[in-house]
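Enquirer: In case you want the letters, here they are:
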Amino acid sequence: MAKVLLVDDDELVRYALGAVLRKAGHEVIEEPNGKKVMAVIAAQSPDIIVTDIIMPEQEGTETIMIVHNEYPDLPIIAMSGGGRNSCEEYLDAAKAFGAVATLNKPFDETVLLSLIKQFSG
Amino acid sequence: MINPSELNLSSIIGKGRVFRFIVFFAILAAALSIYFIEIEAFESFYKFSREHEDWQLDEYILVLFSVLLSVSFATLFATIILARRLLKEVRIQIDVERSLAQSRKLQSMGTLLAGVAHSVNNHLQPVLSLTRLVQSELPKSSDEAQHLDKVLQAAGGAASILKSVLSFSHHAHSDISGRSKIGNTIAVALDIAAAAIPSSVIFTQNIEPLQDTVTISEIDLEISLLNMITNAVDALEGKPGQINVSLNKLESVPATVLHQGKMLSAPLVCLKVSDNGKGMSEDEQIRIFDPFYTTKDVGKGTGLGLSETHGIIAKAGGVINVTSAPGEGTEIAVYVPIIE
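Each protein sequence line maps, in turn, to chains R and F.
Okay, so the first sequence: first residue is 1 according to our numbering, each after it adds one.
Okay, so the second sequence: first residue is 1001 according to our numbering, each after it adds one.
Just so you know, these hints were derived from the structure itself, not from any lab.
Yeah, the Cβ is synthetic: ideal placement off N, Cα and C, and Gly gets one too.
Incorrect hints may have been included.
Said to hold, decoys possible - Per label pair, the in silico range of CB-to-CB distance: (1) R/Ser114 - F/Gly1157: 19 to 29 Å; (2) F/His1147 - R/Pro56: 54 to 64 Å; (3) R/Gln118 - F/Lys1150: 26 to 36 Å; (4) F/Lys1181 - R/Asp73: 21 to 31 Å; (5) R/Leu113 - F/Gln1153: 16 to 26 Å; (6) R/Asp92 - F/Leu1112: 16 to 26 Å; (7) R/Asp73 - F/Val1134: 34 to 44 Å; (8) R/Lys95 - F/Leu1112: 25 to 35 Å; (9) R/Pro56 - F/Leu1100: 26 to 36 Å; (10) F/Ala1145 - R/Pro56: 33 to 43 Å; (11) F/Ala1145 - R/Ser45: 34 to 44 Å; (12) R/Ala96 - F/Gly1157: 25 to 35 Å.
Unchecked claim - If you want a taste of the chain F side facing chain R, the calculated C-beta under 8 Å gives, among others: (13) Gln1125; (14) Pro1126; (15) Ser1129; (16) Thr1230; (17) Val1233.
Based on the provided sequences and hints, a complete structural model is requested.
Expert: Written out as structure tokens, the structure is:
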């Protein structure tokens, strides 16, 4: 089972996905602020990161870029509900910055579980 | 923001009738002035000639009178032509302003809807995930599990509508992606659409087998045509009628096409869907591309079809022109530039 860092500014999304991941046996660290991700990684060494793209303090794409530069082997899964640009455009950007997989919200959590299984080793 | 429905002759130049009356009285005043000046001049000259009969000026009087009469008629004629031209230019200006206002309105709506869709998609994620989580712990045949199935259906329906909203929004903002050979794609889409057309409808096609490429993906082109045909079918309200679809290549942009503030370049393709259904009033035509606007009965349409089509066509650098009158039917003409 993996240690998953779940980054999303929406408390309900964190609650729901956290519950799903915990039920599947994963350990979940919840973080609402993209700016604190580096500190959390340094302190808790997660196996994989699941992050939202559009967040108030720091965009998910920026978080992905920073994390990927420092920890190139740490897999990152990006998720987005869309915005001014399409989900695909945000998620394409996330992939370009180093995300290993992307998900359009709302997604089926079984897909997330299988991605975690695939990328967390 | 300007409401496009407020843009008409009345709002730009005052009441239309007042304008026409002013033009009419101006012409009348000009004509009468010329007439009285002529009479006055003629009488003076006639008097002068009578006083100097020995000079034999009768022929000159006749020539002068003819010249003055011709000039007065020419002035009157020119005034009428200029007034008509002015009116035509004002109308063209109004059409351009109306199209620009419509375009700005749709773009603002796109931004607004994108924000709404993003928020609602985020809210749907816990609804769907937690519902499935709880449902997985219940016996499949239990009433509770079946109730949760309905929750999932409803949330899935909402997600589907949001996908269409986001599609409209992104097309209103984004640039180019996806290309297709228009002739082949339209032929495939027509095969699909034919299945949705009731047997009471006479369906005619006039499709040129074009091999030209436009910057619309196959799926978007199919969606656009299906939306247009679905609207035509709905406009017939289940009564017998006729729907015609045509696809032609144009080497130049027809003068009748409303550019809607865009630089429409030739060559281009023209895709038309026409019906002889209930038609639309001018107000309905202005709102036809607004998201969620529908004239259909409750439950028969989401009102997203043509707004989605508008977004797709705008993204490809094209325009949609609507011609319709209540009781006479509707023609929706799509003009899209060819890229190769």
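Enquirer: Check each numbered hint from earlier against the structure, then list the numbers of those it violates in ascending order.
Expert: Violated: hints 2, 4, 16, 17.
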